[in-house]
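Guided by the hints, dock chain P with the ligands onto chain C, whose structure is given.
Protein sequences appear in the order of chains C and P.
Counting in our numbering, the first sequence runs from -8 upward without gaps.
Counting in our numbering, the second sequence runs from -8 upward without gaps.
If you're looking for bench data, these hints aren't it; they were derived computationally from the structure.
The reader is advised that the hints may include incorrect statements.
You can't tell identical chains apart in this list, so a pair holds if it fits in one copy or across any two.
In silico DSSO-like links for lysine-lysine, alpha-carbon gap of 27 Å or less [unchecked claim]:
(1) 156 / 17
(2) 332 / 14
(3) 211 / 40
(4) 246 / 228
(5) 246 / 27
(6) 27 / 211
(7) 40 / 27
(8) 156 / 211
(9) 15 / 156
Number of protein chains: 2
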Amino acid sequence: MCHIDTKERFILQQISITENPNKKDKPNDNALQFGKTFTDHMFIMDYDKEIGWHDARVVPYQPLAMDPASMVFHYGQTVFEGLKAYRTDRGDVQLFRPTENIARLNRSNARMCIPEIDADTALKGIQTLVDIDRDWVPHLEGTSLYIRPFVIATEAYLGVAPASKYAFMVILSPVGAYYDAGINPVKIAVENEYIRAVKGGTGEAKTAGNYAGSMAAQEKVAALGYAQVLWLDGHEKKYIEEVGSMNIFFKINGKVITPHLSGSILPGVTRKSVIQLLNDWGIAVEERPIALTEVLEASRKGELEEAFGAGTAAVISPIGELFADGESYIINNHKTGDLSKRVYETLTGIQYGRIEDPHQWIVRV
Amino acid sequence: MCHIDTKERFILQQISITENPNKKDKPNDNALQFGKTFTDHMFIMDYDKEIGWHDARVVPYQPLAMDPASMVFHYGQTVFEGLKAYRTDRGDVQLFRPTENIARLNRSNARMCIPEIDADTALKGIQTLVDIDRDWVPHLEGTSLYIRPFVIATEAYLGVAPASKYAFMVILSPVGAYYDAGINPVKIAVENEYIRAVKGGTGEAKTAGNYAGSMAAQEKVAALGYAQVLWLDGHEKKYIEEVGSMNIFFKINGKVITPHLSGSILPGVTRKSVIQLLNDWGIAVEERPIALTEVLEASRKGELEEAFGAGTAAVISPIGELFADGESYIINNHKTGDLSKRVYETLTGIQYGRIEDPHQWIVRV
Ligand SMILES: Cc1ncc(COP(=O)(O)O)c(C=O)c1O
Ligand SMILES: Cc1ncc(COP(=O)(O)O)c(C=O)c1O
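Next comes chain C alone, as it looks inside the complex (with noise of 0.2 Å):
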């Protein structure tokens, strides 16, 4: 981990507001597309070594004026999140866990080099953009506002160090419900040639080049027809790790196992919440390394009943056939299984404030 000197991390920052005077028109809730769309406003608070994090404003969304030696370009020192706010049935809008995803934004700066933030700066940021536009939360089922806040280098300077100046800045879109016609499995196939992380680089990080370097073999499975990439580890190619962008769960002769955050991991939110989920339902759940051969053999002998995986875009979403070293394997008949179904009714039941909160995960804006 990289040490800065940031001791202006624990001020809180007081938020200046310019309301953006022509407000675009909102798309229908129907015809929502996710990342396609942005609000009227953003979030935007500045760093530069001399005087710490500073200048945090909302202000119209805009261009940024980028000089094309900015570091970010060159360098890719950027970190970014990724959460939502739902409405609920009463009009309320509310965010889920928040805390979690701006204490993982620190974590990657740490990876980074990059300066920390003041987590209730960050929340109150998060907090206040929400606020001002939160006619933009969709009403539809299933449908909320994606919030993306992401730190990029500014400075410009072609030398390969932690760069001096920094932005911190919250972007919102609206987004589609995942699922149109309810909860579904998808197909998904192991990789081989390509690897999305190892021990010792930037896996349990939220930071852009390991969604580049995913690109590739995200590409190639496509092609072949399955939705997503189920990564192996780095090291050995023996290891389940993740599963596209979200963390994995498989629910083998009644036990349910997850992958370990073996540092090369991203430790997911979602999957954190399952686990609490599952704890709280009396059901352990085994973190620990899962050898890719340990569920083939498994579904093999028809001990395989269920696998999901869990972030924050699907909540869940079960994987109905796993394509690996040349054969399928079916699960669960393709069905969605009685585990995933319970875990993604009572997340979202809690995230849309339709049943009730034992954890405080909710916050409201």
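Leaving out everything else, chain P with the ligands in the frame of chain C:
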């Protein structure tokens, strides 16, 4: 590799020129800092899925208006190159093996799912830009004009998928002599915690994420007084890969060895040129896996005669001391070896037009 339909890649583009009416003051040749000052113009060419690469132009150096949702900020789809223009004693300006850099740019593009760029257009773009800013090529011994071609994903979209819009740009920065007082050995340290790259990852490509990921390790060894990180392979942490942002060569018991291009190593233009020169001189170079233990063992036996890094910035960077597993290994008494020196003088001699160019490496501007 990603397969992108880019039929336009073979089309040589016309380059329009808009001259900068407000020329900047040029810095003094004695006070050049690497990568901080940029010239009066830049080259830019846009890509759009519908029309391919288009609108190649040289324009005044200026900020880019970037949507905050531009994919480069979030998913790091970007590649870059680095080469130099040198001023000869006769006042001419010349490039060193630019077609090698352009070929590597396109190999990086393929790995990162970025559409290929017509090589002739890229070369013409670089030449046109350097030509219009030729007064920026410094005159002092050892100085040069650093050329930074790069591609960034510009589409405003938060989906993890190859972008449909890119910009290919070239910017220029006059740089001082790398060695103030003649070529000078550095101290390097083995890195056991962090990994730069792993086969199946993006190490072979010149892409931002590799550099972002390397900063924590670089900061760590710098704090201990070492100039560069000696990177080991990501699978076994056993084999030597690169040193900092350079390829590495060893002379052991009269033989020259360098790590083979394993898939996680950047194929350096300097590396390739060093191998060619040594072959010209009747010195065979073994390209093969090199275990760290082999080098340490050779050092203990007094057989490690020379070690040097090879890259565009320093050309040759002799290694005077290697720190590994808690011990310091001194190489050639902290002095530049004869072979390192001969390679350095020959390469820089060719670059500055002081000696004959037997392989047509030089391209005049
Ligand atoms: C690589 C990766 N793994 C896992 C996840 C799931 O994390 P979370 O549940 O916090 O969304 C994400 C998405 O955020 C991701 O990008
Ligand atoms: C990681 C890495 N390795 C090696 C090199 C050396 O390559 P070249 O000789 O083409 O400059 C560079 C610099 O370009 C680099 O960034």
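### Query
Hint numbers the structure violates, sorted upward?
2 and 5
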